[in-house]
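> Work out the full structure, taking the sequences as your base and the hints as a guide.
There are 2 protein chains.
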Amino acid sequence: MVLINENYTKLPGSYLFSEIARKVNEFKIAHPTADVIRLGIGDVTKPLPQASIEAMHKAVDEMASAETFRGYGPEQGYDFLVNTIVENDYKAHGLNIQTDEVFVSDGSKSDTGNIGDILGTDNIVAITDPVYPVYIDTNVMAGRAGDLGTDGKWTKIIYLPCTAENNFVPELPKTKVDIIYLCYPNNPSGTTLTKSELKVWVDYALENKALILFDSAYEAYITEDDVPHSIYEIEGAKKVAIEFRSFSKTAGFTGTRCAYTVVPKDLMAYTSKGEEVSLNKLWNRRHTTKFNGVPYVIQRAAEACYSPEGKKQVKDTIEYYLNNAKIIREGLTEQGLKVYGGVNSPYIWVKTPNGMSSWEFFDYLLNELNIVGTPGVGFGPSGEGYLRLTAFGTLENTKEAVLRLKKIKL
Amino acid sequence: MVLINENYTKLPGSYLFSEIARKVNEFKIAHPTADVIRLGIGDVTKPLPQASIEAMHKAVDEMASAETFRGYGPEQGYDFLVNTIVENDYKAHGLNIQTDEVFVSDGSKSDTGNIGDILGTDNIVAITDPVYPVYIDTNVMAGRAGDLGTDGKWTKIIYLPCTAENNFVPELPKTKVDIIYLCYPNNPSGTTLTKSELKVWVDYALENKALILFDSAYEAYITEDDVPHSIYEIEGAKKVAIEFRSFSKTAGFTGTRCAYTVVPKDLMAYTSKGEEVSLNKLWNRRHTTKFNGVPYVIQRAAEACYSPEGKKQVKDTIEYYLNNAKIIREGLTEQGLKVYGGVNSPYIWVKTPNGMSSWEFFDYLLNELNIVGTPGVGFGPSGEGYLRLTAFGTLENTKEAVLRLKKIKL
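So the protein sequences, as listed, match chains A and B.
Count the first sequence with UniProt numbering and you get residues 1 to 410, in order.
Count the second sequence with UniProt numbering and you get residues 1 to 410, in order.
Hints are computed from structural coordinates only; laboratory data are not their basis.
Quantities reported herein were computed from a predicted structural model and do not represent experimental measurements.
Certain hints may be false.
Claimed, not checked - Not everything, but these chain A residues come out facing chain B in the computed CB check (under 8 Å):
| # | residue |
| --- | --- |
| 1 | M1 |
| 2 | N5 |
| 3 | T45 |
| 4 | P47 |
| 5 | I53 |
| 6 | M56 |
| 7 | K58 |
| 8 | G71 |
| 9 | G73 |
| 10 | M141 |
| 11 | D178 |
| 12 | I179 |
| 13 | G255 |
| 14 | P295 |
| 15 | V297 |
| 16 | E319 |
Glycine residues also receive a C-beta, built at the ideal position from the N, C-alpha and C atoms.
In structure tokens, the structure reads:
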């Protein structure tokens, strides 16, 4: 009799964004002419950089001729892309990352989801709260989460609340943890850590032989000086941290799919007997056994983001979104709402007015103003009383949304 | 202290194809002018179908404009591709597969590797021997394999030998098994099962509530009538089988990355208490949580394989490879070698002459004839004494290889 992985039965039925989609669809059926503005799901709207478009056309033509055709490539990514990543994202910033520490993949969702494959099920996991749901769900699937309590918390997960009360800076856990998920600039709150705040975590991990899974998918949005772009800017981090980066929000690759993960060779984890094992080797084994590389044409598109034209085009797009973020932030602040994020991030984290719950505010915005946000509680218990708006809309829609938001009666 | 998944430490250090690559590189350094013909790794050499090239150019242009840009798509694949798959690969053959039973992915390596995620670790796994190494390795990682014995076998895996002695038709296991991997047309042996031979396995699975993981990556190469293209041609299979299909060998997508997996809604697995659970629901949860879909431009390339022009182009390429297979098969048979496969498959499975081991024959071919094959033993203990050649080379190289092979002194 074939048995299932019973951890899956613990997962709540519906995924946050599916639930939002269902509510929006119901609204649109009831109000077919309503002009709904979607500032909910974190998807981009601007086209790919022209440099990537040109690179893809060229690569497609290469696939049309036996002389230039590419079959299986290295699972870890082609040298042309890996070298470009190392040079531009690390060496240019004084960080010494080697090419065999970089693993190109189809997305940070896959990588942050799959990384647990190489880690033991007995590790204690700490997660900032609110958080990207994939971190939690994939630990439930792996059996590291325990059971879901009525308070919305999993019994074995250590939650690190990040709210206005602690200025969105997580405090060190009171009990020992083995794996810590950190995402900065943060999804969903759009807030950041300074270098000294991040150092606290690297030091904790060094002292406790813990592993930091550092998701920096939004680093391209950083505008302030003291905010680290890479965790490897912190001394000692190569011994304790894996870094996830993505082209999705940087260069509009949400439907084009390319990301990469850095697993330093200095990074060790342990057997139950305390023997050191290189996580780089384990991840390489997983990546080459369960993955066959990113499409050649997509890797060429990613490489093109680093050409002088590509960099300029990427920068322009990010400035466009950051300008949207500023419009939302300032508009809502003028309106008397408490607003966080949006300075080093495309996400704006709004405190719901008048003690409304996240879903009440979501329903209010959808039904009264025809704006779709994301209920903060969908990202975890400490997200209750907040709502996430994103800057990925068009300038026109963003301005229109702010005009509508000014109708909120506080 | 962060703990690793200790199952990874059981895996032998080197992957079959890496070891071959190492030997070939060493040979080329020692003999820089040698004209090495690679008939080893199963990678294609013909370019993509022109229909896919045109579809990709069009899709790339769509990504260049905000009006037609595509961000996140459905993780399970766009309707345009899923509908095309269902119509052409199933409904046209009288098989009733629904669109929500099809999951588009980046490759069958990923899917056959990741499918274990939704299955319990206590399942007993049966694997035909020789076999695609990913099936074994991913079960080692999941803790279902036990330990590696000196006979090259994992203690918990049930091996189903497929050799010339049983005409490459596996016998039912003597002890009960829960999960059965079947790949037909077979990699590596190139042999097939008839409908009645496959029915034996479906009946076994129905009777024992077992799950068949059916890899039909090579179905497009079937030329004979009584060989099933899909396991769903067998009555009852939708209750017991998941089918994996790929564009890699069909349409030259090894470097372009698209595949799909069918998980019927009738297919149930069980909790330890014996409660039925739909594997379609579990796989959908995994696929949407740990994967973000195949690139839009790649899905358009895959869709184009089903247009009238695309179908013609795909057929022409497969006929080209099958002609190569015929040349190898007939050339080696004339030479007095025992040869299997190559009729419904791009793979030719050669019995090594004079009692040579697989690696001895590999070394002989590399050093004496400058031909790269794949040692059969690399696919499992029952592959010892065989070597795999593939038909994916050019016609010219294939003919030249056969001329060289005629120099073998038996």
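> Now tell me, hint by hint, if it's right for this structure.
Going down the list of hints, with the structure as the test:
no., hint, result
1, M1, "4 Å, holds"
2, N5, "5 Å, holds"
3, T45, "6 Å, holds"
4, P47, "5 Å, holds"
5, I53, "4 Å, holds"
6, M56, "5 Å, holds"
7, K58, "10 Å, violated"
8, G71, "4 Å, holds"
9, G73, "6 Å, holds"
10, M141, "7 Å, holds"
11, D178, "4 Å, holds"
12, I179, "6 Å, holds"
13, G255, "4 Å, holds"
14, P295, "5 Å, holds"
15, V297, "7 Å, holds"
16, E319, "16 Å, violated"
In terms of the numbered hints stated before, the structure departs from hints 7 and 16, listed from lowest to highest.
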